[in-house]
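Engineer: Please arrange chain A on chain C, whose structure you already have, making use of the hints.
Chains as they are written, first to last, in the numbering used here: chain C, 4 to 840; chain A, 11 to 237.
Label-pair restraints from in silico Cβ distances:
#, chain 1, residue 1, chain 2, residue 2, range
1, A, D35, C, E708, 35 to 41 Å
2, C, D761, A, A22, 42 to 48 Å
3, C, R562, A, A205, 26 to 32 Å
4, A, A205, C, S118, 40 to 46 Å
5, A, M15, C, Q711, 27 to 33 Å
6, A, A205, C, R499, 17 to 23 Å
7, A, Q138, C, M482, 37 to 43 Å
Output of the computed footprint for chain A on chain C, the stretches with three or more beta carbons under 8 Å from beta carbons of chain A:
#, region
8, 724 to 731
9, 752 to 763
In short, the hints are calculated from the structure, not lab data. Remember, predicted model here, so these are calculated numbers, not experimental data. Backbone N, C-alpha and C define an ideal beta-carbon position, used for all residues, glycine too.
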Amino acid sequence: MTRAPNSLPDPFRSWFAARGWRPRAHQLALLKLAQKGESALLVAPTGAGKTLAGFLPSLIDLAGRDDARGEGLHTLYISPLKALAVDVARNLETPVRDMGLGLRVETRTGDTSPSKRQRQRRDPPQILLTTPEQLALLLASADAERLFATVQRVVLDELHAVVASKRGDMLALGLARLRKLAPQMTMVGLSATVRDLDELRRWLAPQRGAREMAELVVAAPGAPPAIAMLDTRERLPWSGHGASHAIGEIYERIKAARMTLVFVNTRAQAEATFQQLWHVNEDALPIALHHGSLDAGQRRRVEEAMAAGRLKAVVCTSTLDLGVDWGDVDLVINIGAPKGASRLLQRIGRANHRLDESSQALLVPANRFEALECTAAIEAAAEGAQDTPPARTGSLDVLCQHVLGMACAAPFLSDELYEEITCAEPYARLAREDFDDAVTFVATGGYALQSYDRFAKIRRLQDGRWRIANAKIAQSYRMNVGAIVESDMLKVRLVRGAPKPAGGAAPYTGRVTRGGRVLGEIEEYFLETLAPGDTFLFGGEVLALQGIVENEAHVSRARSDTPKVPSYAGGKFPLSTYLAARVRKLLASPEAWGALPEQVADWLRLQKEKSLLPPPGELLVETFARGGRHYLVAYPFEGRLAHQTLGMLLTRRMERMGLKPLGFVASEYALAVWSLGDVGTRAQKALFSMGDLFAQDMLGDDLEEWLQESALMKRTFRTCAIISGLIERRFPGKQKTGRQVTISTDLVYDVLRRHQPDHILLRAARDDAMTGLLDLERLAQMLARVQGRIIHKHLERISPLAVPIMLEIGREPVYGEAQDDILAQAAGLLVDEAMGG
Amino acid sequence: MTAAMMELQGVAALPDVSGALWLTDHGALVVADLHFEKGSAYAMRGVMLPPYDTAATLARLAAVVARHAPKAIIALGDSFHDRAGGARMGEADRAALGALQSGRDWIWISGNHDPEPPQGLGGVCMAQLTLGPLTLRHEPQAGAAPGEIAGHLHPCARVASRAGSLRRRCFASDGSRCVLPAFGAFAGGLNVRDAAFAPLFPNATPLAHVLGRGRVYPVPMSACLTD
Numbered sequence: 004m005t006r007a008p009n010s011l012p013d014p015f016r017s018w019f020a021a022r023g024w025r026p027r028a029h030q031l032a033l034l035k036l037a038q039k040g041e042s043a044l045l046v047a048p049t050g051a052g053k054t055l056a057g058f059l060p061s062l063i064d065l066a067g068r069d070d071a072r073g074e075g076l077h078t079l080y081i082s083p084l085k086a087l088a089v090d091v092a093r094n095l096e097t098p099v100r101d102m103g104l105g106l107r108v109e110t111r112t113g114d115t116s117p118s119k120r121q122r123q124r125r126d127p128p129q130i131l132l133t134t135p136e137q138l139a140l141l142l143a144s145a146d147a148e149r150l151f152a153t154v155q156r157v158v159l160d161e162l163h164a165v166v167a168s169k170r171g172d173m174l175a176l177g178l179a180r181l182r183k184l185a186p187q188m189t190m191v192g193l194s195a196t197v198r199d200l201d202e203l204r205r206w207l208a209p210q211r212g213a214r215e216m217a218e219l220v221v222a223a224p225g226a227p228p229a230i231a232m233l234d235t236r237e238r239l240p241w242s243g244h245g246a247s248h249a250i251g252e253i254y255e256r257i258k259a260a261r262m263t264l265v266f267v268n269t270r271a272q273a274e275a276t277f278q279q280l281w282h283v284n285e286d287a288l289p290i291a292l293h294h295g296s297l298d299a300g301q302r303r304r305v306e307e308a309m310a311a312g313r314l315k316a317v318v319c320t321s322t323l324d325l326g327v328d329w330g331d332v333d334l335v336i337n338i339g340a341p342k343g344a345s346r347l348l349q350r351i352g353r354a355n356h357r358l359d360e361s362s363q364a365l366l367v368p369a370n371r372f373e374a375l376e377c378t379a380a381i382e383a384a385a386e387g388a389q390d391t392p393p394a395r396t397g398s399l400d401v402l403c404q405h406v407l408g409m410a411c412a413a414p415f416l417s418d419e420l421y422e423e424i425t426c427a428e429p430y431a432r433l434a435r436e437d438f439d440d441a442v443t444f445v446a447t448g449g450y451a452l453q454s455y456d457r458f459a460k461i462r463r464l465q466d467g468r469w470r471i472a473n474a475k476i477a478q479s480y481r482m483n484v485g486a487i488v489e490s491d492m493l494k495v496r497l498v499r500g501a502p503k504p505a506g507g508a509a510p511y512t513g514r515v516t517r518g519g520r521v522l523g524e525i526e527e528y529f530l531e532t533l534a535p536g537d538t539f540l541f542g543g544e545v546l547a548l549q550g551i552v553e554n555e556a557h558v559s560r561a562r563s564d565t566p567k568v569p570s571y572a573g574g575k576f577p578l579s580t581y582l583a584a585r586v587r588k589l590l591a592s593p594e595a596w597g598a599l600p601e602q603v604a605d606w607l608r609l610q611k612e613k614s615l616l617p618p619p620g621e622l623l624v625e626t627f628a629r630g631g632r633h634y635l636v637a638y639p640f641e642g643r644l645a646h647q648t649l650g651m652l653l654t655r656r657m658e659r660m661g662l663k664p665l666g667f668v669a670s671e672y673a674l675a676v677w678s679l680g681d682v683g684t685r686a687q688k689a690l691f692s693m694g695d696l697f698a699q700d701m702l703g704d705d706l707e708e709w710l711q712e713s714a715l716m717k718r719t720f721r722t723c724a725i726i727s728g729l730i731e732r733r734f735p736g737k738q739k740t741g742r743q744v745t746i747s748t749d750l751v752y753d754v755l756r757r758h759q760p761d762h763i764l765l766r767a768a769r770d771d772a773m774t775g776l777l778d779l780e781r782l783a784q785m786l787a788r789v790q791g792r793i794i795h796k797h798l799e800r801i802s803p804l805a806v807p808i809m810l811e812i813g814r815e816p817v818y819g820e821a822q823d824d825i826l827a828q829a830a831g832l833l834v835d836e837a838m839g840g
Numbered sequence: 011m012t013a014a015m016m017e018l019q020g021v022a023a024l025p026d027v028s029g030a031l032w033l034t035d036h037g038a039l040v041v042a043d044l045h046f047e048k049g050s051a052y053a054m055r056g057v058m059l060p061p062y063d064t065a066a067t068l069a070r071l072a073a074v075v076a077r078h079a080p081k082a083i084i085a086l087g088d089s090f091h092d093r094a095g096g097a098r099m100g101e102a103d104r105a106a107l108g109a110l111q112s113g114r115d116w117i118w119i120s121g122n123h124d125p126e127p128p129q130g131l132g133g134v135c136m137a138q139l140t141l142g143p144l145t146l147r148h149e150p151q152a153g154a155a156p157g158e159i160a161g162h163l164h165p166c167a168r169v170a171s172r173a174g175s176l177r178r179r180c181f182a183s184d185g186s187r188c189v190l191p192a193f194g195a196f197a198g199g200l201n202v203r204d205a206a207f208a209p210l211f212p213n214a215t216p217l218a219h220v221l222g223r224g225r226v227y228p229v230p231m232s233a234c235l236t237d
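For reference, chain C alone in the conformation it holds in the complex:
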């Protein structure tokens, strides 16, 4: 197939012409590469015709075939969102129909009916749009070889969003297998602008010794976005995550725009903002709410109303971050800090899908520190700067799952599978011992005490190949496939308010009446923090928890306007390293404060006067006494997760130093520890040094000791245990009442840690903790950075910079060695009771 590079074959040329379009340079470049049999990465802004560029080579190739319908599966499209796959299928229908290409384009997601799935395996469409999970399932079936042998092309959408996760690992492993089944196929990755393009290019090429990379096509950038920060007329709050202070101003902007997307960082913020907007909605504007916990039917209604242009605004979380084209959005409002430069650009890209017009965006900081972060993000966006995604090594739990999947497809030889797997970029450096451990884990759990050989899930045949022991193993694999472990979710069901039982005691479970509408789902761990009767926001309403019955939370409408429990989950995304560095720099540069709202600049000037502003690269630690306690406040700007871990480790060390720490609270920007011991004075008298307190060796024994009991570590382990297939996923409806029958992974963690601390799952959990809930990697980098660069300031009283974190005390969970205190407090109730309380 040789054609002039700047032209398209008929009927494509006339189809473009009929719509007044001309093929764009990047579309033609991609076509040429595909025709040469090269894989490529396409980097293009939203609205640049990325999806069409990805499919054009397939459509042209298929149009040139006599009987494409009889030739099996030609193109596989994989998207991280099933909604996106459905959307793209709809968009593809137009050219296929207009040009009479006579192709079958189908989707396959978790929602596809079993009968249709079966038919698709027997008689596949030419173009199949699907998700990483469905690809894994298909590859693990006995049909895989036949089904995929004909594949010519793979289109990977939103690649930047997939690669940085365990789902990315799973997809990379799936593609490594696909390459073996269809060696002729080429791949194209579609991506928004990211910092490390080479990593993505390697991801698209088989890694065999040389660090091979796919070709690169970069589309012309669109008009730069117009991003502004709301300089509120109101007083900008010291702390908090909401935008209640600016709700009137936000409402005005919504009124003036055609359609607005209001992005927030958590579901709780979405709930709160939505409720506040309805309070001021005098014009009864159609404003809707969209987040992942809402009932799927309700979400779909909102999406349809958006696409039809019937809505004025939608308050949403990252569920609308990615590329689904929901309609004619012309303004994006981001409440709270954007957390990362790249995330901000992608959200803004949701406005105005026309390339030549600037996207309009408004940032609304929820507090003073966020005003700093917003300013830094706007500057970064103006420079087109991107965050550096942390380099990723393929996770071991996903590897275990994949090994089992491959055994389900057909018996395998270890040497061959190892070679195949190391072709995938995330596993290119996988040690053979780790691979062998994964195989042993799949077989018998991988325990030093080899007592499970007779129960093995996969067994070695005489010729050395591994095969599954029985068909039930494959069935169980299919039930548990996937690299996302949702928190255990409980259905939220609306019931009539239960009468208060006599004596005011909480009702026993089981006594609440059944029935009523399901409002959505909510994380079990959030509900565990509530007592019956507590009120919280959900689905835009204030609800009161009545009780938990099996796997449902029964709630009633509360009369109150203000929920007792303000939020669940704080900021979902940590402040990116790159943005954090910019914020520190901004803080230290008074000449740049002109870009800040006046009240924020005033605040910083006051800080300079009363305490000091840390130069970039230095860590400011303030100490002061207040109300009989001694406070230590540090400002690392490394995100809540790293600060929480730091707080745990610092308080352990302070305990040993005899400083009697009582607790701590962490925010995105700072950490405050309070103690009975006078930290400040003792540091001033050189009885100990701040350098020692923040020394890197806290990541040694202190960390090990803490990991033994850390609830976050146990949650991380649970995720690994489920993904690896050690224990089965819990499905709604499947679980029995009475939790004594379910296996607690916490107990497994305790036992395994004591008896086989180097077990593959503990290694997997440890790797996750480096970047996940504990953010150890970032903490380690910070501790290294501030060695010998700590400025201690002992103050008479609280500094202006410390006010926000001090206000968080009492609002955010308090950590520390307070666990047995909780029990002691509860036991204290006995005393009250005895005293006639």
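Structural biologist: The following block gives chain A in isolation, referenced to the frame of chain C:
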């Protein structure tokens, strides 16, 4: 130790922080729901839980035995996770169990998981045991005469404060009856606010003796949270 002593029908009973009940006057140590070989029971079904649970449970038992030096140990049923559990027990674990049995009485009370006596593992098997005014059996019986000591339910309590909530194993007792926490390393827990506990404590205000890190904390059951 500051732990609160319980009195059951006039017999002193110390809820040990390990989850065992120490009957000082009788020199008897009572443990419930050891669930030996739960790991291997799951492994048989393809869920490869670590095979170390039996060893971990025995090690914890050895520690509490060393503290109290009991004359008798009474395992209150469900000592094995299933009927074949005893047969699957490994050499090292058998030896450890033997060492614990040596020089003292060992009584296996039968439970619903292990209705038949374990073969070749020493000890005496009984359906229930009477110790003075106390009756020791596996499953608590609603309306039983005062002085019942039982297991089976795996009680645990959820206690909350502003700083968050904790879910821990506990003893459940109203002074006339005591339900022991499960002692086995892989044994889960059932919240004391579950309906299963209500008929056992119809009159007095029961307490949850919650296992903390270093001691046992008595908390009114009415102050514990549901799951």
